[in-house]
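Asks: Protein sequence lines correspond, in order, to chains A and E.
So the first sequence is numbered by the numbering used here: it starts at 1 and just counts up by one.
So the second sequence is numbered by the numbering used here: it starts at 1001 and just counts up by one.
Hints listed in this document are in silico derivations from the structure and should not be mistaken for laboratory results.
It cannot be assumed that every hint is accurate.
[What the hints assert, rightly or not] Chain A residues, not near chain E, derived (Cβ > 12 Å throughout):
{"hint": "1", "residue": "Leu111"}
{"hint": "2", "residue": "Asp137"}
{"hint": "3", "residue": "His208"}
[Said to hold, decoys possible] Only pairs whose alpha carbons sit at most 20 Å apart, straight line, appear in this in silico EDC-like list of lysine to aspartate or glutamate:
{"hint": "4", "chain 1": "E", "residue 1": "Lys1121", "chain 2": "A", "residue 2": "Asp137"}
{"hint": "5", "chain 1": "A", "residue 1": "Lys117", "chain 2": "E", "residue 2": "Glu1273"}
{"hint": "6", "chain 1": "E", "residue 1": "Lys1272", "chain 2": "E", "residue 2": "Glu1204"}
{"hint": "7", "chain 1": "E", "residue 1": "Lys1113", "chain 2": "A", "residue 2": "Asp203"}
{"hint": "8", "chain 1": "E", "residue 1": "Lys1201", "chain 2": "E", "residue 2": "Glu1273"}
{"hint": "9", "chain 1": "E", "residue 1": "Lys1002", "chain 2": "E", "residue 2": "Asp1140"}
{"hint": "10", "chain 1": "A", "residue 1": "Lys154", "chain 2": "A", "residue 2": "Glu130"}
{"hint": "11", "chain 1": "E", "residue 1": "Lys1113", "chain 2": "A", "residue 2": "Asp137"}
{"hint": "12", "chain 1": "A", "residue 1": "Lys21", "chain 2": "A", "residue 2": "Glu44"}
{"hint": "13", "chain 1": "A", "residue 1": "Lys202", "chain 2": "E", "residue 2": "Glu1204"}
{"hint": "14", "chain 1": "E", "residue 1": "Lys1121", "chain 2": "A", "residue 2": "Glu14"}
{"hint": "15", "chain 1": "A", "residue 1": "Lys154", "chain 2": "E", "residue 2": "Glu1296"}
{"hint": "16", "chain 1": "A", "residue 1": "Lys154", "chain 2": "A", "residue 2": "Asp203"}
{"hint": "17", "chain 1": "A", "residue 1": "Lys108", "chain 2": "A", "residue 2": "Glu14"}
{"hint": "18", "chain 1": "A", "residue 1": "Lys108", "chain 2": "A", "residue 2": "Glu130"}
{"hint": "19", "chain 1": "E", "residue 1": "Lys1121", "chain 2": "E", "residue 2": "Asp1110"}
{"hint": "20", "chain 1": "E", "residue 1": "Lys1225", "chain 2": "E", "residue 2": "Glu1296"}
{"hint": "21", "chain 1": "E", "residue 1": "Lys1256", "chain 2": "E", "residue 2": "Glu1204"}
{"hint": "22", "chain 1": "E", "residue 1": "Lys1225", "chain 2": "E", "residue 2": "Glu1293"}
{"hint": "23", "chain 1": "E", "residue 1": "Lys1258", "chain 2": "E", "residue 2": "Glu1204"}
{"hint": "24", "chain 1": "E", "residue 1": "Lys1205", "chain 2": "E", "residue 2": "Glu1273"}
[To be verified] Derived contacts from chain E toward chain A, CB cut-off under 10 Å, selection only:
{"hint": "25", "residue": "Gln1108"}
{"hint": "26", "residue": "His1111"}
{"hint": "27", "residue": "Ala1112"}
{"hint": "28", "residue": "Pro1118"}
{"hint": "29", "residue": "Lys1121"}
Just so you know, even glycine gets a beta-carbon here, dropped at the ideal spot from N, CA and C.
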Amino acid sequence: MIVAERKPLAEIAEMLKPFRKICILGCGTCVTVCLAGGEKEAEETAAALSLLRQNEGLETEISTGTILRQCEYEYIDDYAKNGFDCDAILSLACGVGVQTMVARLPDKIILPGLNTKFMGYPLEQGVWTENCLGCGDCVLDLTMGICPITRCSKSMLNGPCGGSQNGKCEVDKDVDCAWHLIYERLSKLGLADRMDVIQPPKDWSTSHHGGPRTIVREDVRLEDGE
Amino acid sequence: MKTESRLEKMLNSGHFAVTGELGPPRSAYLETLKQHADAMRNHVESYNITDNQTAIVRTSSIGVAAVLMQMGLEPNVQMTVRDRNRICLQSDLLGAVSIGARNFLCLQGDHAKFGNEPQSKNVNDLDSMQLIRALKNIRDEGVFVSGEKIEHPLPRIFIGAVANPFADPFEYRHLRLAKKVAAGAQFIQTQCIFDMDRFEKWMEKVRELGLHKKVHIMGGVTPIKSIGAARYMQKNVAGMIVPDELIDRLRGADNKQKEGLNIAVETIQRLKEIEGVAGVHIMAIAWEEVVPEIVERAGLYPRPEID
């Protein structure tokens, strides 16, 4: 899922300063699950912002709501049926959601309440970790399920580098060395000889390095007017 | 601080300056490039050395700059942000200055997908605007991008940037130039000018902002060798405008090459008349041998003496 964190309240307050009537909109999917931008966080943010603005003497009217997925037109349309009675919307969706909202509601001011961090998963309650960079050309088959592009700080395909010590990365002692993990996993599976293969330079054009990406699936597209 | 840059001296003295351009080869064999450089040594102030132009692997700009300086010629080292992060850009700046280079031209660089290593990463750690500011800060404030102090002051360098009056949105292009000037650009070379009307409209807006008094603007000129070359630029090069009338004119000419040179010479003559144009940058890539003739016929030869 997409993992995000709410922006610091001071930053949110600053960007919303010019507006009086504010709608704080949570998103019901990824950011709800990672406890960054769901209904609960929308209400918490509204309460904290109200208090802060009150102290600053700013006239304020804040409402809250949640769209199940801000990244899909049909959910936005469904919610937007009743209109938005506000000067600005603070979206607690990820960057995808904010931009989909802007694309769908171009005459609205829509501002981001979250910092979108990464694609990852919850390691334990309150801890999330990044494990996919969306490079567009998955290599998990080579490493039997541990991504070196994401989890190696240098995105090496022929690791580990000389900075790997006690299973940890040179960048941070709290970060596992991905290539240490890969080595252990391949060894356990009797596939350690895979480490001998010199992996050639990666094709980065399938990632963002090739420019913004779009997928077109002709087989599921609708004909005009369908 | 006194400048060691011949180009800067020429522009500061108010003379209409001329720069040339050399594209390093896809090898380390530089004899042909040296011949081209030598052939125009009396016709240009200095030479742009392109930086892996069109994202194709070539001898490095700084490597060629060193060779040029050994020949007693002055390089304008082009630096794109495509292939190097801020560590490498700043380090290469120091390296280039240490071997005597003084003129630097900051560019973004074509996307790698257009070159011969389309699978590579595009670095773009800094953008071209930030590179201009970085060079200025290192020189004037003695600080790197990080804010850390340089151990010893940098000699005076001359910071250049590019401008493209033919890119869109047109209404923003002079404002973008203003931003580059504010960032620290001291000289500007423009994209090749084939659409003179649009260039003049842009210059009008540039003058309205008074930018021509803050920065030396050199018009980009490329002699067209053939109809095919003109068509290629018209269709395949992003951010270029080649008007149909120009192609028609070439088509109507018996000798296409001669007509191509005539057009280049006329372009320079018009540029000389435009208020705020401080010089001309001649990009005759793959047709370097005609640069002396163009400069002479445009009435820019002999070049003024500069101490």
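Asks: Output the indices of the hints that this structure fails to meet, ascending.
Replies: 2, 3, 5, 13, 14, 15, 18, 21, 23 and 25
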